[in-house]
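Enquirer: Listed below, chain by chain, are the residues.
Protein chains: 2
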Amino acid sequence: MNVTMLLYPRLTQLDLTGPFEVFSRFPELKLHLVSKTLEPVIDGSGLRLLPTATYATAPQASILFVPGGPGQIDLMADDETLDFLRLQAAGATYVTSVCTGSLILAAAGLLTGYRATCHWLSLNQLPYFGVIPVEERVVEDRNRITGAGVTSGIDFALTLCARLFGDERAKRTQLFMEYDPQPPFVGGSPKSAGTEIVEAARELTRPFQEKRELVALAAAERLK
Amino acid sequence: MNVTMLLYPRLTQLDLTGPFEVFSRFPELKLHLVSKTLEPVIDGSGLRLLPTATYATAPQASILFVPGGPGQIDLMADDETLDFLRLQAAGATYVTSVCTGSLILAAAGLLTGYRATCHWLSLNQLPYFGVIPVEERVVEDRNRITGAGVTSGIDFALTLCARLFGDERAKRTQLFMEYDPQPPFVGGSPKSAGTEIVEAARELTRPFQEKRELVALAAAERLK
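First to last, the protein sequences are chains B and F.
Each residue of the first sequence is one higher than the last, beginning at 1 in my numbering.
Each residue of the second sequence is one higher than the last, beginning at 1 in my numbering.
Simulated from the structure, these hints should not be mistaken for lab results.
Predicted model only: the values in this text are computed from it and were never measured.
Note that the Cβ used here is the ideal one computed from N, Cα and C, for glycine as well.
Everything hinted at is true.
Quick look at which bits of chain F chain B covers, simulated, 3 or more residues with Cβ under 8 angstroms: (1) 37–48; (2) 143–156; (3) 163–176.
Chain F residues, not near chain B, derived (Cβ > 12 angstroms throughout): (4) 56; (5) 57; (6) 73; (7) 80.
To give an idea of the chain F side of the interface with chain B (calculated C-beta under 10 angstroms), a few residues: (8) 13; (9) 14; (10) 16; (11) 20; (12) 24; (13) 119; (14) 181; (15) 182; (16) 192; (17) 201.
Hey, can you work out the whole structure from these sequences and the hints?
Expert: Laid out in structure tokens, this is it:
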């Protein structure tokens, strides 16, 4: 089973490397990091990753996966990428994303009419595309599976692998990855963080989020 | 503050990319992926990462960080790497690791007399090097901070950043990364997984673990 993982400049690398780590522990899955070219891709923080295939050479995906990150906004009107995702999605068994990756799928029209999630700061943008926003960590609707912000990719990938390969193997993988998380603080979601810290976080990212919002509105307009 | 993160063939990439994601959200930290050469480094599952510096060009670390993975065994008698770690550790404020990275630090003599942790399958090997093994997810002893298996790197890095930059900023980072984990199963640690699945996991990795054990014993012998 081919897993096509989209790689693009200024992605949030953990959106991708979390699921990659889970998927890589199932030998049935062949992982492809697919980008426009084979040049190194630089994530939002300077990590340089090498693609394994281009849009032209990528095999048909069984699982199509799109991570999020600041660079998501550059893909919302990028026909080359949106067409690639539509083509791959048409033959894929699962169409999936983590974080703001769901906005890219939405811009390609691939989530219209589905329930889906997104990073909590951008969840409000899904309805622009006719997507039903769900404030949960992993959301499954038919063959669409979406994860919330960044670290939810590990939960998403374990959930998908349990579906594909059964609970026993997924549990064993969780044990090998010693995934028994102990976050140092309560408050990893806006529900538990408290108003003050949520507002401080919103304020810090306001200029970028306003830009992201305008780009989403324009992309939704194009989809009509 | 320079963070020197060791990059080597067949590391477990999430040991490194989890902490990288956390560290990258603190602009005071300058992240360096340091390897023997600037050639791409291939993790245990085929992910290709590009180093930013070599042992010769790496700046003095404030935080020295060593990830684990199958390739750890190749470094246990690698004097070039062990000497590099000793040199960097001598001037570092914190000496840290995730997963079997602690065995590499131990082989360099950098954990002797300290409390530390490791991936649950290899925790028993720390005492060969005069290290006190602790079955906890993040272990702090003076300026040594070690994390347990793979995913514990996220908890480790948030803990360290809370120490360095205060709880408020660490909490905000946890919220931005939406780190409110919901593992699909109970049993991410051997304490909670149940005997049957723990024994199955041990059996699956027995040949490699036996090799790892012999390499550790030989490295401990050399350290005497």
